[in-house]
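Each chain is listed here by its residues.
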Amino acid sequence: MGNEIRLSDLAARVGARLSGEGDAVVTGVAPIEEAGPGQVTFLANPKYLHFARTSAASAIIAKDRVEGARAAFLLSDNPYFAFACVVELFHPPVRRPAGISPLASIHPGASVGKDVTIAPFVVIEEGAVVGDRTVLYPGVVVGEDAVVGEDCLLYPHVVLYHGVRIGSRVILHAGCVVGSDGFGFAPSREGYRKIPQVGTVEIGDDVEIGANSAVDRAALGVTRIGRGTKLDNLVQVGHNVVIGADTVIAGLTGIAGSCRIGSRVMIGGQAGLAGHLEVEDGIILGAKCGVANTLHASEARVWSGTPAIPHPAWLRMSMLLPKLPELFRRVKRLEDAKIPKGEE
Amino acid sequence: MGNEIRLSDLAARVGARLSGEGDAVVTGVAPIEEAGPGQVTFLANPKYLHFARTSAASAIIAKDRVEGARAAFLLSDNPYFAFACVVELFHPPVRRPAGISPLASIHPGASVGKDVTIAPFVVIEEGAVVGDRTVLYPGVVVGEDAVVGEDCLLYPHVVLYHGVRIGSRVILHAGCVVGSDGFGFAPSREGYRKIPQVGTVEIGDDVEIGANSAVDRAALGVTRIGRGTKLDNLVQVGHNVVIGADTVIAGLTGIAGSCRIGSRVMIGGQAGLAGHLEVEDGIILGAKCGVANTLHASEARVWSGTPAIPHPAWLRMSMLLPKLPELFRRVKRLEDAKIPKGEE
Amino acid sequence: MGNEIRLSDLAARVGARLSGEGDAVVTGVAPIEEAGPGQVTFLANPKYLHFARTSAASAIIAKDRVEGARAAFLLSDNPYFAFACVVELFHPPVRRPAGISPLASIHPGASVGKDVTIAPFVVIEEGAVVGDRTVLYPGVVVGEDAVVGEDCLLYPHVVLYHGVRIGSRVILHAGCVVGSDGFGFAPSREGYRKIPQVGTVEIGDDVEIGANSAVDRAALGVTRIGRGTKLDNLVQVGHNVVIGADTVIAGLTGIAGSCRIGSRVMIGGQAGLAGHLEVEDGIILGAKCGVANTLHASEARVWSGTPAIPHPAWLRMSMLLPKLPELFRRVKRLEDAKIPKGEE
Numbered sequence: 206m207g208n209e210i211r212l213s214d215l216a217a218r219v220g221a222r223l224s225g226e227g228d229a230v231v232t233g234v235a236p237i238e239e240a241g242p243g244q245v246t247f248l249a250n251p252k253y254l255h256f257a258r259t260s261a262a263s264a265i266i267a268k269d270r271v272e273g274a275r276a277a278f279l280l281s282d283n284p285y286f287a288f289a290c291v292v293e294l295f296h297p298p299v300r301r302p303a304g305i306s307p308l309a310s311i312h313p314g315a316s317v318g319k320d321v322t323i324a325p326f327v328v329i330e331e332g333a334v335v336g337d338r339t340v341l342y343p344g345v346v347v348g349e350d351a352v353v354g355e356d357c358l359l360y361p362h363v364v365l366y367h368g369v370r371i372g373s374r375v376i377l378h379a380g381c382v383v384g385s386d387g388f389g390f391a392p393s394r395e396g397y398r399k400i401p402q403v404g405t406v407e408i409g410d411d412v413e414i415g416a417n418s419a420v421d422r423a424a425l426g427v428t429r430i431g432r433g434t435k436l437d438n439l440v441q442v443g444h445n446v447v448i449g450a451d452t453v454i455a456g457l458t459g460i461a462g463s464c465r466i467g468s469r470v471m472i473g474g475q476a477g478l479a480g481h482l483e484v485e486d487g488i489i490l491g492a493k494c495g496v497a498n499t500l501h502a503s504e505a506r507v508w509s510g511t512p513a514i515p516h517p518a519w520l521r522m523s524m525l526l527p528k529l530p531e532l533f534r535r536v537k538r539l540e541d542a543k544i545p546k547g548e549e
Numbered sequence: 206m207g208n209e210i211r212l213s214d215l216a217a218r219v220g221a222r223l224s225g226e227g228d229a230v231v232t233g234v235a236p237i238e239e240a241g242p243g244q245v246t247f248l249a250n251p252k253y254l255h256f257a258r259t260s261a262a263s264a265i266i267a268k269d270r271v272e273g274a275r276a277a278f279l280l281s282d283n284p285y286f287a288f289a290c291v292v293e294l295f296h297p298p299v300r301r302p303a304g305i306s307p308l309a310s311i312h313p314g315a316s317v318g319k320d321v322t323i324a325p326f327v328v329i330e331e332g333a334v335v336g337d338r339t340v341l342y343p344g345v346v347v348g349e350d351a352v353v354g355e356d357c358l359l360y361p362h363v364v365l366y367h368g369v370r371i372g373s374r375v376i377l378h379a380g381c382v383v384g385s386d387g388f389g390f391a392p393s394r395e396g397y398r399k400i401p402q403v404g405t406v407e408i409g410d411d412v413e414i415g416a417n418s419a420v421d422r423a424a425l426g427v428t429r430i431g432r433g434t435k436l437d438n439l440v441q442v443g444h445n446v447v448i449g450a451d452t453v454i455a456g457l458t459g460i461a462g463s464c465r466i467g468s469r470v471m472i473g474g475q476a477g478l479a480g481h482l483e484v485e486d487g488i489i490l491g492a493k494c495g496v497a498n499t500l501h502a503s504e505a506r507v508w509s510g511t512p513a514i515p516h517p518a519w520l521r522m523s524m525l526l527p528k529l530p531e532l533f534r535r536v537k538r539l540e541d542a543k544i545p546k547g548e549e
Numbered sequence: 206m207g208n209e210i211r212l213s214d215l216a217a218r219v220g221a222r223l224s225g226e227g228d229a230v231v232t233g234v235a236p237i238e239e240a241g242p243g244q245v246t247f248l249a250n251p252k253y254l255h256f257a258r259t260s261a262a263s264a265i266i267a268k269d270r271v272e273g274a275r276a277a278f279l280l281s282d283n284p285y286f287a288f289a290c291v292v293e294l295f296h297p298p299v300r301r302p303a304g305i306s307p308l309a310s311i312h313p314g315a316s317v318g319k320d321v322t323i324a325p326f327v328v329i330e331e332g333a334v335v336g337d338r339t340v341l342y343p344g345v346v347v348g349e350d351a352v353v354g355e356d357c358l359l360y361p362h363v364v365l366y367h368g369v370r371i372g373s374r375v376i377l378h379a380g381c382v383v384g385s386d387g388f389g390f391a392p393s394r395e396g397y398r399k400i401p402q403v404g405t406v407e408i409g410d411d412v413e414i415g416a417n418s419a420v421d422r423a424a425l426g427v428t429r430i431g432r433g434t435k436l437d438n439l440v441q442v443g444h445n446v447v448i449g450a451d452t453v454i455a456g457l458t459g460i461a462g463s464c465r466i467g468s469r470v471m472i473g474g475q476a477g478l479a480g481h482l483e484v485e486d487g488i489i490l491g492a493k494c495g496v497a498n499t500l501h502a503s504e505a506r507v508w509s510g511t512p513a514i515p516h517p518a519w520l521r522m523s524m525l526l527p528k529l530p531e532l533f534r535r536v537k538r539l540e541d542a543k544i545p546k547g548e549e
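Chains as they are written, first to last, in the numbering used here: chain G, 206 to 549; chain C, 206 to 549; chain X, 206 to 549.
Here chain G stands alone, though its shape is the one from the complex (with noise of 0.2 angstroms):
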């Protein structure tokens, strides 16, 4: 990238402190496992630990020290945070330049913002409103009245069903859909007939949407995805959802009709949530959890297996649960053992 930054440079810029010399030129960052003089580099996981301490790199971002280590640090109580913003010291975010292009579908009725980027065959239909700066790429759809802020990246063929309403600096992966129709058909004599799904979505500030993932409309009134809230890819939120802020839900997670989710929520991957329940502020549902019921927090923080329990208690089961063919030939022995002959 060509950029040249002394090591006591960088630990001001992204507020760590620096244990090591403070002369050393960095020029770039990379992985712990492959980084070498010259580069910076960061200490996520305890597995990688051995790493650090051979790590030819010039300066590695952590907690504390690693003993035995070469390298400086950039030690920082939150040192994920400090690798973000060293990420993007060496990696400022490359901005596709302004412009429409002449191949998109520009409804005469839609309103652009001011330096907009607007890429071949996007379609904006009659209505709809796309804020300043904002980059739309390949293929994306906005919908009939639906509202995209400013400062947002809606990837190749996005799609935004009529109506929708999306904050700003919102970002948007290939393929994500936002107000598809809600599952919802009341049973008949003469089959399914479709509950109209009238709704809309209001997706917050800073929201990041991963690939491919669904986000529906509601029935009535308004699924909401709060400010800051991060989904992976492949999700899929019901109609009429409601998810605070700051939440983080991982890919394949499924999240059924009228669920509300609260704020700080930790959500892994492939978790499902059964319709109409609440997951409280601050909880953690472990990956692959069934949730079946309403999880208060102040009855436990860590929700893991279907249906979800505390993760303790799925813990200690889980550990137990391979020893069942044990625990059923120990009660068999105590069961011969113990029933005198003729008993039963």
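Worth double-checking, as some hints may not be accurate.
What follows is a list of derived Cβ distance ranges for each label pair [unchecked claim]:
#, chain 1, residue 1, chain 2, residue 2, range
1, G, Arg258, X, Arg538, 49 to 59 angstroms
2, X, Asp320, C, Pro307, 24 to 34 angstroms
3, G, Arg394, C, Lys528, 40 to 50 angstroms
4, G, Arg258, X, Glu531, 46 to 56 angstroms
5, X, Lys528, C, Gly241, 48 to 58 angstroms
6, G, Glu238, X, Asp282, 37 to 47 angstroms
Below are the DSS-like pairs computed for lysine-lysine, each with C-alpha atoms no more than 25 angstroms apart in a straight line [to be verified]:
#, chain 1, residue 1, chain 2, residue 2
7, X, Lys399, G, Lys252
8, G, Lys528, C, Lys528
9, X, Lys268, X, Lys252
The set of hints was computed from the structure by calculation and includes no laboratory data.
No experiment lies behind these values; they were computed from the predicted model shown.
Cβ atoms here follow ideal geometry from the backbone N, Cα and C, with glycine treated the same way.
Put chains C and X on the given structure of chain G with help from the hints.
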């Protein structure tokens, strides 16, 4: 919406019995926690009974009157169906005006019906057929020789591979893929050899499929989804699967190759079905269940867990699982107390 | 199809031994439950043995003759492979004619090989490279500096983010996304801060990836999918994952960041792998399993359950689980019978 309807008229039009003041006029429909004067609402879930009691709505659609509620009631044996009718009355479907965008790419050898809507950047390939009044949103791709019936809605970026056949009144949500290759590879010493997937897909009338779902074409023969069946978002249907009529399948469910799913089956979210098995008519599969063998309705109607067992047995088992550590302790205590020293 | 082949010729061309009348002529291939005179079929699954016995097909590809069957047999040690060859003989791949649609948007700074097919509404950005004879279906997006090898098939709406590298003879199905940002955010007092994802993705030769799957780019470094590996639909591959050669991964599986999956691994549908773990060469993971730690092939070849344990142990455990209520009763009975009154 400007619609004004007297409650007595509304009751008559949706086939409900009115309990309350018939002259009151309603102008819209709202969720039960929000509905106010002039609005109709719907009591879906016993959890929301307290909302019904205090609601200021003009009328509530329900199976029975709620004690103490001030609202009038529209009583129906199938309240969810009545609700669907009411929503439709206040929100009649708005059809995109017919017309073919000059920005679409339609092969001269394709056949397009009357009063169709074809948005910009739609591609219709050679030999494809699109029925009357069908709406193709931006970016839809109708592959060679694919056939789409009448009055269908294909939302943005739906992809139909070559030769697949879609019935009438079918709704495919954004990013849905129909006819991709099944997952079939023959192992050999030089790695996997692709089994050409030369079959096709047939989707019956009145089917709806959610956003970013994928239905694979058959290896040989036909992958089939029966009339009136509804699939949620992010559902995977493998090659040569046959699904009956009026079956509903919730999000993130995966159905492996050559399964036969009956009619009026209900499958919860994130369920998984191994290949080459059968699920008989009317069976209900719990969310997240894993089906490894054919399920007979005569054995149980509702199945849960992995591997799936009859739901009542699964429920009993699930409630005991967290007590497993205690059971181990109890067995240990029995062993300690009862096995005389020296015997083992 | 028009293809007519004598059985003796067919056997020779696919390397099978003929058992039966070599002069018979076959003209097509069909599933075993449908195949009739003049058709070849395939005995894949012992479940279908009864079809083989009564089949009117002219020939059946199988490992061994089926007692009592009237058909001729094409015997092979690898019948699935022979079947692939036979299907290909009767259904040779039909390639879209080469040519570049005037409706595609190709940056003058992109490099496009010989005899490529570029459909309408394809976007190829600056610096991208597309190899000879590669086919880009409608709506494919090849991002800046992305490289696609020779003889690839990219189905509609495949999205390659900037800089990713795809080998030769790679097949990417509709809606597949390669190079989206990994899921990395540093918590801070002001909410999450995005870790810039500045790495890339490399996909080896002969890889196939299913519809609507997503492969994230590395945070730093490279997310890698090895030669010949096959991914089904709706699979999620996190950032910095490394997958070996000839591995197969079934639908709706999620692989969290920095996992290392070996070669010739087989992963069932809806499996989930937590981050930063290793799955050694040749391991088989059951459908729906949840892997929380590194799996060593020396410990077990097949793993199942959540958390994953060796498959035989999981099987024993799974068969005992429904008997848990009975076990609780048996322990209670032992306690009642054996603990003298007054002792507790």
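Could you check the structure against the hints above and give me the numbers of any it violates, in ascending order?
none
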